[in-house]
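J.: Sequence:
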Amino acid sequence: MRAAFLAGLAVLAAFTGPARAAGLEVIVEGAEPGPGEVYVTLCQGGLSEAACPIGRSAPVRGGAERFVFTDVPAGVWAVAAFQDENGNGRLDRTALGLPLEPYGFSGAVARRARPDFASASFALHEPGTAMRIRIARPLPRR
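In our numbering, the protein residues as written are 31 to 172.
Hint data in this document are derived by calculation from the structure and do not stem from the laboratory. Since we're looking at a predicted model, the values are computed, not measured. Yeah, the Cβ is synthetic: ideal placement off N, Cα and C, and Gly gets one too. One or more of the hints may lead you astray.
[Stated by the list, open to error] With beta-carbon atoms standing in for the labels, derived distance ranges: (1) 124 <-> 149: 37 to 43 Å; (2) 94 <-> 65: 14 to 20 Å; (3) 79 <-> 158: 24 to 30 Å; (4) 160 <-> 128: 28 to 34 Å; (5) 128 <-> 156: 33 to 39 Å; (6) 75 <-> 51: 15 to 21 Å; (7) 76 <-> 130: 18 to 24 Å; (8) 116 <-> 155: 34 to 40 Å; (9) 130 <-> 80: 21 to 27 Å; (10) 126 <-> 91: 30 to 36 Å; (11) 127 <-> 57: 25 to 31 Å; (12) 128 <-> 103: 28 to 34 Å; (13) 146 <-> 53: 24 to 30 Å; (14) 160 <-> 124: 18 to 24 Å.
Using the sequences provided together with the hints, build the complete structure.
T.: The following block contains the structure:
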């Protein structure tokens, strides 16, 4: 149902005139103190790396990490975030593909796997939109 609603919003947006740029503020909560950075990406159409063309990273300062994205094309987006604890620039996984580092998504926090795009997506049309993403460790630290 939600997927059909979001698809309808995307079609409606396509016929309402030229796409406007919007702004998005993302607050990432739950980053664990220590080395590494928090990465945030904006995804459109899916949650694979190829579908997430806009991204930012910042050192972990503790508390909530704030990211501001400007001039984001209006449309249906999802946010993915993770804490890169070892500084290798990617989300580390087990041999089975389960994440080893804290991660989260807009709309849903999946404990063992990423949600589908429809569950994590939202319509972005207005400047000044803000959202909070809670990242969590899916598996106990080794």
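J.: Taking the hints in turn, state whether each one holds.
T.: Hint check results:
1. Judged by the Cβ atoms, the range 37 to 43 Å given for residue 124 and residue 149 is violated: they are separated by roughly 23 Å.
2. The beta-carbon spacing between residue 94 and residue 65, approximately 18 Å, falls within the hinted interval of 14 to 20 Å.
3. Under the hint 24 to 30 Å, the C-beta atoms of residue 79 and residue 158, about 28 Å apart, fit the expected range.
4. Distance hint check for residue 160 and residue 128: the Cβ-Cβ separation is about 30 Å, which falls inside the suggested range of 28 to 34 Å.
5. Taking the beta carbon of each, residue 128 and residue 156 are about 36 Å apart, inside 33 to 39 Å as hinted.
6. A C-beta distance of roughly 18 Å is found between residue 75 and residue 51, which places it inside the suggested range of 15 to 21 Å.
7. The supplied range of 18 to 24 Å is met by residue 76 and residue 130, whose beta-carbon atoms lie about 23 Å from each other.
8. At about 38 Å, the beta-carbon gap between residue 116 and residue 155 stays in the expected band of 34 to 40 Å.
9. Remark: the range hint 21 to 27 Å for residue 130 to residue 80 is upheld by a beta-carbon distance near 22 Å.
10. For residue 126 paired with residue 91, a C-beta distance near 32 Å keeps the hint of 30 to 36 Å intact.
11. Between residue 127 and residue 57 the CB atoms are about 28 Å apart, so this pair conforms to the stated range of 25 to 31 Å.
12. Remark: the range hint 28 to 34 Å for residue 128 to residue 103 is upheld by a beta-carbon distance near 33 Å.
13. A hinted range of 24 to 30 Å for the beta carbons of residue 146 and residue 53 is consistent with their spacing of about 26 Å.
14. About 33 Å separates the C-beta atoms of residue 160 and residue 124, a value inconsistent with the hinted range of 18 to 24 Å.
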